[in-house]
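Undergrad: Chain by chain, the residues run as shown.
There are 2 protein chains.
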Amino acid sequence: MHASAVWRTKVPRNPNLEKLQTTYLFPQIEMKKKEHLLKNPNANLIELGVGNTTEPIPKCITSSMAEHCHRLATYEGYKGYGDEQGNKDLREAIADVMYKNTSIDGTQVFVSDDAQCDISRLQLLFGSVVTMAVQDPCFPAYVDSGVTIGQTGDYMASTGQYQNITYMECTSDNDFFPRLSNMPRTDVIFFCSPNNPTGHAASRFQLEKLVDFATSNGSIIVYDTAYSEFITDDSPKSIYEIPGSKQVAIEISSFSKFAGFTGVRLGWTVVPTELLYSNGSPVINDYDRVVCTSFNGPSSIAQVGGLACLTPQGMKEIRKVINVYQTNTKLLIHTLTSIGFQTYGGTNSPFVWVHFPGRKSWDVFAEILEKTNVITIPGLGFGPAGEEFIRFSSFARPNSMQQACRRLKDHFTKN
Amino acid sequence: MHASAVWRTKVPRNPNLEKLQTTYLFPQIEMKKKEHLLKNPNANLIELGVGNTTEPIPKCITSSMAEHCHRLATYEGYKGYGDEQGNKDLREAIADVMYKNTSIDGTQVFVSDDAQCDISRLQLLFGSVVTMAVQDPCFPAYVDSGVTIGQTGDYMASTGQYQNITYMECTSDNDFFPRLSNMPRTDVIFFCSPNNPTGHAASRFQLEKLVDFATSNGSIIVYDTAYSEFITDDSPKSIYEIPGSKQVAIEISSFSKFAGFTGVRLGWTVVPTELLYSNGSPVINDYDRVVCTSFNGPSSIAQVGGLACLTPQGMKEIRKVINVYQTNTKLLIHTLTSIGFQTYGGTNSPFVWVHFPGRKSWDVFAEILEKTNVITIPGLGFGPAGEEFIRFSSFARPNSMQQACRRLKDHFTKN
Numbered sequence: 123m124h125a126s127a128v129w130r131t132k133v134p135r136n137p138n139l140e141k142l143q144t145t146y147l148f149p150q151i152e153m154k155k156k157e158h159l160l161k162n163p164n165a166n167l168i169e170l171g172v173g174n175t176t177e178p179i180p181k182c183i184t185s186s187m188a189e190h191c192h193r194l195a196t197y198e199g200y201k202g203y204g205d206e207q208g209n210k211d212l213r214e215a216i217a218d219v220m221y222k223n224t225s226i227d228g229t230q231v232f233v234s235d236d237a238q239c240d241i242s243r244l245q246l247l248f249g250s251v252v253t254m255a256v257q258d259p260c261f262p263a264y265v266d267s268g269v270t271i272g273q274t275g276d277y278m279a280s281t282g283q284y285q286n287i288t289y290m291e292c293t294s295d296n297d298f299f300p301r302l303s304n305m306p307r308t309d310v311i312f313f314c315s316p317n318n319p320t321g322h323a324a325s326r327f328q329l330e331k332l333v334d335f336a337t338s339n340g341s342i343i344v345y346d347t348a349y350s351e352f353i354t355d356d357s358p359k360s361i362y363e364i365p366g367s368k369q370v371a372i373e374i375s376s377f378s379k380f381a382g383f384t385g386v387r388l389g390w391t392v393v394p395t396e397l398l399y400s401n402g403s404p405v406i407n408d409y410d411r412v413v414c415t416s417f418n419g420p421s422s423i424a425q426v427g428g429l430a431c432l433t434p435q436g437m438k439e440i441r442k443v444i445n446v447y448q449t450n451t452k453l454l455i456h457t458l459t460s461i462g463f464q465t466y467g468g469t470n471s472p473f474v475w476v477h478f479p480g481r482k483s484w485d486v487f488a489e490i491l492e493k494t495n496v497i498t499i500p501g502l503g504f505g506p507a508g509e510e511f512i513r514f515s516s517f518a519r520p521n522s523m524q525q526a527c528r529r530l531k532d533h534f535t536k537n
Numbered sequence: 123m124h125a126s127a128v129w130r131t132k133v134p135r136n137p138n139l140e141k142l143q144t145t146y147l148f149p150q151i152e153m154k155k156k157e158h159l160l161k162n163p164n165a166n167l168i169e170l171g172v173g174n175t176t177e178p179i180p181k182c183i184t185s186s187m188a189e190h191c192h193r194l195a196t197y198e199g200y201k202g203y204g205d206e207q208g209n210k211d212l213r214e215a216i217a218d219v220m221y222k223n224t225s226i227d228g229t230q231v232f233v234s235d236d237a238q239c240d241i242s243r244l245q246l247l248f249g250s251v252v253t254m255a256v257q258d259p260c261f262p263a264y265v266d267s268g269v270t271i272g273q274t275g276d277y278m279a280s281t282g283q284y285q286n287i288t289y290m291e292c293t294s295d296n297d298f299f300p301r302l303s304n305m306p307r308t309d310v311i312f313f314c315s316p317n318n319p320t321g322h323a324a325s326r327f328q329l330e331k332l333v334d335f336a337t338s339n340g341s342i343i344v345y346d347t348a349y350s351e352f353i354t355d356d357s358p359k360s361i362y363e364i365p366g367s368k369q370v371a372i373e374i375s376s377f378s379k380f381a382g383f384t385g386v387r388l389g390w391t392v393v394p395t396e397l398l399y400s401n402g403s404p405v406i407n408d409y410d411r412v413v414c415t416s417f418n419g420p421s422s423i424a425q426v427g428g429l430a431c432l433t434p435q436g437m438k439e440i441r442k443v444i445n446v447y448q449t450n451t452k453l454l455i456h457t458l459t460s461i462g463f464q465t466y467g468g469t470n471s472p473f474v475w476v477h478f479p480g481r482k483s484w485d486v487f488a489e490i491l492e493k494t495n496v497i498t499i500p501g502l503g504f505g506p507a508g509e510e511f512i513r514f515s516s517f518a519r520p521n522s523m524q525q526a527c528r529r530l531k532d533h534f535t536k537n
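Line by line, the protein sequences give chains H and C.
Numbering of the first sequence is given in the numbering used here, commencing with residue 123 and proceeding in unit increments.
Numbering of the second sequence is given in the numbering used here, commencing with residue 123 and proceeding in unit increments.
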């Protein structure tokens with residue numbers, strides 16, 4: 123702030139934003155990283171924190187995007203605005219490849235600039251009158267966007283929770299699935315599987331229970347499958363594999379981790395035509411309105427890249443990239459387990475969730491950063507039930523991961 | 123809707139979305155176009171409607187984007203997430219090129235996926251407690267996003283206005299500038315110059331009055347300059363050319379029309395550090411929080427393209443493209459004037475605003491479409507003061523524009 127800026131407008135600060143306690147989690151981690159580098163300018167930092175992809179995008183995908191860029195310089199190939207909901211061919215390809223055994227078709231797929239942005243657009247859709255539930259721990263954007271739109275009351279320092287949000291504890295004690303019989307009804311249930319941060323993928327049986335619960339309560343599930351391509355067992359990759367889900371579930375997903383599109387920015391949201399508000403009007407109509415008013419489709423270049431991802435060759439190449447991260451995950455689990463830590467996740471997810479009994483997660487984060495120059499994420503950042511845990515991401519170059527594992531082993535075995 | 127979908131959730135429809143009367147204006151025009159093509163499959167349609175750019179992007183810009191795509195396939199060139207606020211070099215280039223005679227620097231520039239998306243992010247920032255004013259007529263996203271976030275009351279069919287919005291009439295009677303002495307105070311004032319749809323660029327004198335008005339009321343101006351590169355006279359291209367504006371104004375702008383990026387998606391918002399809420403806290407801090415929570419930066423490829431636009435070569439090439447549209451505008455004005463219509467705008471804008479005295483704008487729109495196969499936009503879509511007017515866009519290939527002008531002349535001179 124400039125010292126001279128003493129004049130103020132008479133515009134009140136948004137009381138919802140005033141409720142937010144801290145900066146958004148991931149920029150907070152970036153700040154910690156910058157502080158560390160300022161103190162230790164020569165630190166050889168390894169980032170297992172924010173979950174930033176590190177492997178290049180397969181050439182068949184980047185080439186198609188580059189060709190599209192060149193076409194934009196020609197009269198024949200130039201195109202301005204696309205459809206607000208995304209290009210028809212990409213919507214259909216997502217339906218065909220990702221939802222082939224369901225009745226989801228392209229008209230129910232809204233292509234976007236990523237799942238995180240869609241979370242806020244969904245909150246615009248719901249407005250401030252609905253009640254919401256989240257898993258605890260969970261990806262922080264669900265809670266923060268709910269606070270921003272005005273669905274919540276104040277933050278309660280004693281519990282680390284916001285009033286008016288139902289926190290569904292998902293820990294090793296309940297196989298990372300909430301005890302639904304103890305849960306009150308809410309209008310909206312945010313549910314992420316494979317889970318960020320715990321790495322747990324809900325089983326078919328668990329998801330059937332979730333859909334039953336939503337159906338009996340007349341709730342809407344917002345199902346986040348941003349990590350579904352990391353599933354290695356028979357856990358469902360989409361909520362729409364569960365019968366009855368189309369009447370109660372919206373699904374959001376992303377090309378970010380799946381295809382290394384964190385910087386390219388591409389994702390999607392599925393809103394089934396069967397999903398109705400209590401007054402009988404289709405949710406998809408209102409979502410379409412929100413998308414047309416507040417968004418205008420993702421970059422055409424990113425959309426061409428997404429289409430290339432979904433070709434047989436694209437999918438084959440992406441699989442190799444995912445394998446790199448999965449090899450990292452195995453090494454990470456092996457290392458942490460051999461030190462004696464209890465780890466969770468990793469089998470169906472790029473995230474490993476590690477227990478540090480009796481310790482504050484921000485302290486463990488600081489210790490690991492200071493002693494090993496490895497960035498992680500403190501579990502508390504994902505909700506009160508994340509205390510005592512650290513999230514390790516497997517998004518790193520293999521040699522970095524090997525080095526990080528050596529450092530972690532050295533530090534924790536000699537201490 | 124499937125006939126079998128009778129089961130409903132118990133989730134209430136968002137009462138704010140329920141207030142919206144019609145689909146968003148531009149998709150509505152698309153629907154009219156599709157209906158027309160269904161009835162007239164061989165119609166040789168010319169689109170002077172939505173304002174969709176038609177000239178290719180200069181090669182020096184597309185090549186830089188293509189090169190970036192190729193780099194994303196290499197270990198050396200791959201990069202995942204960028205900063206949520208946009209890349210530092212692009213933020214600084216925008217400040218240097220677009221705000222060179224102001225004290226706006228890169229830290230106050232938030233790069234985005236376009237001005238339309240930023241309008242809704244600004245509404246998330248303000249929340250539902252503020253009051254707003256818009257020009258009448260105006261770009262429909264200001265009103266619709268205000269309704270969506272809950273700033274307004276119901277739609278009043280008798281006036282065509284929403285309760286709780288101040289409509290500042292901007293017509294030829296007042297040189298397209300509101301009679302501010304008659305205007306009540308509002309927290310936020312949306313102001314677009316060069317104006318969409320009227321094509322009027324506010325003069326320095328007018329903008330000084332606007333900044334004075336906002337300062338004496340403690341209001342925040344959201345100044346939309348998406349068309350500033352079309353200014354040909356000495357009208358200010360940025361609100362920050364006006365002394366005192368940094369304490370009262372946010373500016374949004376776009377690469378869409380300026381560089382043909384309607385499909386590439388790139389824009390920006392400036393929030394000066396001097397802009398404070400009534401409680402003294404800086405607006406920029408909250409906007410940063412909104413951007414980090416609800417957005418994650420625009421596509422890295424689009425950002426590389428934006429940087430190429432702002433080089434001397436890029437700006438020179440873009441100028442040639444803008445000249446094409448400006449030649450179109452002149453022809454359009456010449457044609458319509460020679461028929462006998464009163465036209466406004468066009469000198470500083472790609473839009474020409476044409477008066478059809480005593481006629482309903484949707485009727486004129488339908489007549490022009492049916493008789494000449496030319497798509498336009500009915501003025502009423504921009505607000506009640508747009509009745510009796512049609513917005514013509516000059517975004518068309520020159521030969522299409524020539525043909526459209528011939529058809530318009532034929533139709534309106536023989537009738």
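One or more hints might be untrue.
To be verified - The calculated DSSO-like cross-link candidates involving lysine-lysine, where the alpha carbons are at most 27 Å apart (straight line), are:
1. Lys442(H) / Lys201(C)
2. Lys210(H) / Lys155(C)
3. Lys442(H) / Lys155(H)
4. Lys155(C) / Lys201(H)
5. Lys210(C) / Lys156(H)
6. Lys210(H) / Lys156(C)
Unchecked claim - Derived DEER-like restraints, expressed as beta-carbon distance ranges:
7. Thr229(C) / Asn296(H): 40 to 48 Å
8. Asn162(C) / Asp227(H): 57 to 65 Å
9. Lys132(H) / Lys531(C): 50 to 58 Å
I should point out that these hints are in silico values taken from the structure, not numbers from a laboratory.
By construction, the Cβ of each residue, glycine as well, lies at the ideal position given by its N, Cα and C atoms.
Undergrad: Please go over all the hints and tell whether each is borne out by the structure.
TA: Against the structure, the hints come out as follows:
{"no.": "1", "hint": "Lys442(H) / Lys201(C)", "verdict": "holds (18 Å)"}
{"no.": "2", "hint": "Lys210(H) / Lys155(C)", "verdict": "holds (17 Å)"}
{"no.": "3", "hint": "Lys442(H) / Lys155(H)", "verdict": "violated (30 Å)"}
{"no.": "4", "hint": "Lys155(C) / Lys201(H)", "verdict": "holds (18 Å)"}
{"no.": "5", "hint": "Lys210(C) / Lys156(H)", "verdict": "holds (15 Å)"}
{"no.": "6", "hint": "Lys210(H) / Lys156(C)", "verdict": "holds (15 Å)"}
{"no.": "7", "hint": "Thr229(C) / Asn296(H): 40 to 48 Å", "verdict": "holds (45 Å)"}
{"no.": "8", "hint": "Asn162(C) / Asp227(H): 57 to 65 Å", "verdict": "violated (28 Å)"}
{"no.": "9", "hint": "Lys132(H) / Lys531(C): 50 to 58 Å", "verdict": "holds (52 Å)"}
When each numbered hint is compared with the structure, violations occur for hints 3 and 8.
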